[in-house]
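Number of protein chains: 2
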Amino acid sequence: MRTHIKTIAFDADDTLWVNEPYFQEAENRFCELLAAWLPPEAASQELFNTEMKNLHLYGYGIKGVILCMIETLTRVSNGTAQLHLINQVLELGQELLNKPIELLQGVEETLEALHRKYRLVIATKGDLLDQERKLTKSGLQDYFHHIEIMSNKQVTNYQKLLKHLDCSPANFLMLGNSVKSDILPVLALEAFAGHIPFHTTWKHELHEEKVEHPNLISLNNIADIIKHLD
Amino acid sequence: MRTHIKTIAFDADDTLWVNEPYFQEAENRFCELLAAWLPPEAASQELFNTEMKNLHLYGYGIKGVILCMIETLTRVSNGTAQLHLINQVLELGQELLNKPIELLQGVEETLEALHRKYRLVIATKGDLLDQERKLTKSGLQDYFHHIEIMSNKQVTNYQKLLKHLDCSPANFLMLGNSVKSDILPVLALEAFAGHIPFHTTWKHELHEEKVEHPNLISLNNIADIIKHLD
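Protein chains in written order, with this note's numbering: chain U, 1 to 230; chain W, 1 to 230.
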């Protein structure tokens, strides 16, 4: 059916490998550090507020999250927290940066099946060095023609990527787990998108409304894309 | 003389615009915060030690520096610093991220003179979003064919860049202020490099030995490159 697809871009975090569960685990531990001042849900909301306030400055990625955790801790404790809690937050960040890479099911087989027939690229956001390190750890880099680490995933960012790849929207398919970042901006450009749900999503990436679009394919898992392309 | 040059890459920080003096100002203010525990020079050395310890994890850029300042503050004060000092460090970081862009002398005229005849690119390291924001603020983006924000500037990073640009080393000239990052790895690839000294350099970028190489041009300022290319 979709034989006009020439380039397939993959989101990385929670599409190729596990990511959000590690962030949630770190956030849970952060909320425990704040237990003297706030119940976990309220602590999590405070952190989210700090993240949203600073997103335009810090962008996405672990380093920004850790800076936001520290800012939240000083605010919520009203300056009364002991300094060893700051160290525990710094350690949470360094642990996150050192996490192993756990590939999601079907990823390697899917890339193996597609990489000779299509130009495969990664389109991901986050800290530059961290995303490069994860790709190296994943062992997947040889499947990809190009790695694009983006500061954001809005329509203009995808426009730049398509220009850079010299690829028409009609020949471009993006696969990812975030409706907001991987699907909607791609559909807005009249390119193609495949949604692969992941069991948990960062609040900031949530998109509640159901999306229907002739260029959108809903997949149960990454390997399903193969039969849609045949 | 060097009419085989087709692509000219520019370092950004302290080559196109002022950067290191802002970092040094922030570091001086950080050292003042530590005055109760250490004299300024020792505080600066402690920060440098933390930065070197964490460089493989955080990479280059403001967010990593701020995380290192916080870690240094907790260590040097042996956990006794008050939390408002942490807030002051976070504010230092946010101020750095909001600094205006001050172009160095001759930059705009040089780009104007070169951009029709050569393919101009930026090759810089640092935080992704921060470097993009500085470029936007600079108003220079239309002169450039491509912007490469690199996690590091070692030989392998330049090899990837040349491959990506489909450019032979013999046709590539890199201009920058850091002998370590902008000159030596480029010369190692048998490409061309032009060194434009800046009055102050981060300790980590210092290279004390004099470099002599047939592919190296020493420039007094950025505009000097024009006469070398004619």
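Source of the hints: derived by calculation from the structure; they are not laboratory data.
The reader is advised that the hints may include incorrect statements.
Same chains, same label: a pair holds when it works inside one copy or across any pair of copies.
Stated by the list, open to error - Lysine-lysine pairs mimicking DSS-like chemistry, simulated, CA-CA at most 30 Å apart:
hint : residue 1 : residue 2
1    : LYS137    : LYS53
2    : LYS53     : LYS227
3    : LYS6      : LYS99
4    : LYS6      : LYS163
5    : LYS227    : LYS99
6    : LYS137    : LYS210
7    : LYS6      : LYS160
8    : LYS160    : LYS137
Keep in mind the model is a prediction, meaning the values are calculated, not measured.
Hints and how they fare:
For the homomeric pair LYS137 and LYS53, the shortest alpha-carbon distance between copies (21 Å) is at most 30 Å, but the shortest distance inside one copy (32 Å) is not. In this homomeric assembly, LYS53 and LYS227 never come within 30 Å of each other (Cα to Cα): the closest approach is 43 Å inside a single copy and 48 Å across copies. Within a single copy, LYS6 and LYS99 get their C-alpha atoms no closer than 33 Å, and across copies no closer than 42 Å, so neither meets the 30 Å cut-off. Taking identical chains as interchangeable, the C-alpha atoms of LYS6 and LYS163 lie at most 30 Å apart whether they share a chain (14 Å) or sit on different chains (21 Å).
For a Cα distance limit of 30 Å, the shortest separation of LYS227 from LYS99 qualifies neither inside one copy, at 33 Å, nor across copies, at 51 Å. Proximity of LYS137 to LYS210 under the C-alpha cut-off of 30 Å is found in neither arrangement, the shortest distances being 35 Å within a copy and 38 Å between copies. For the homomeric pair LYS6 and LYS160, the shortest alpha-carbon distances inside one copy (17 Å) and between copies (23 Å) are both at most 30 Å. In this assembly of identical chains, the alpha carbons of LYS160 and LYS137 lie at most 30 Å apart whether taken from the same copy (27 Å) or from different copies (18 Å).
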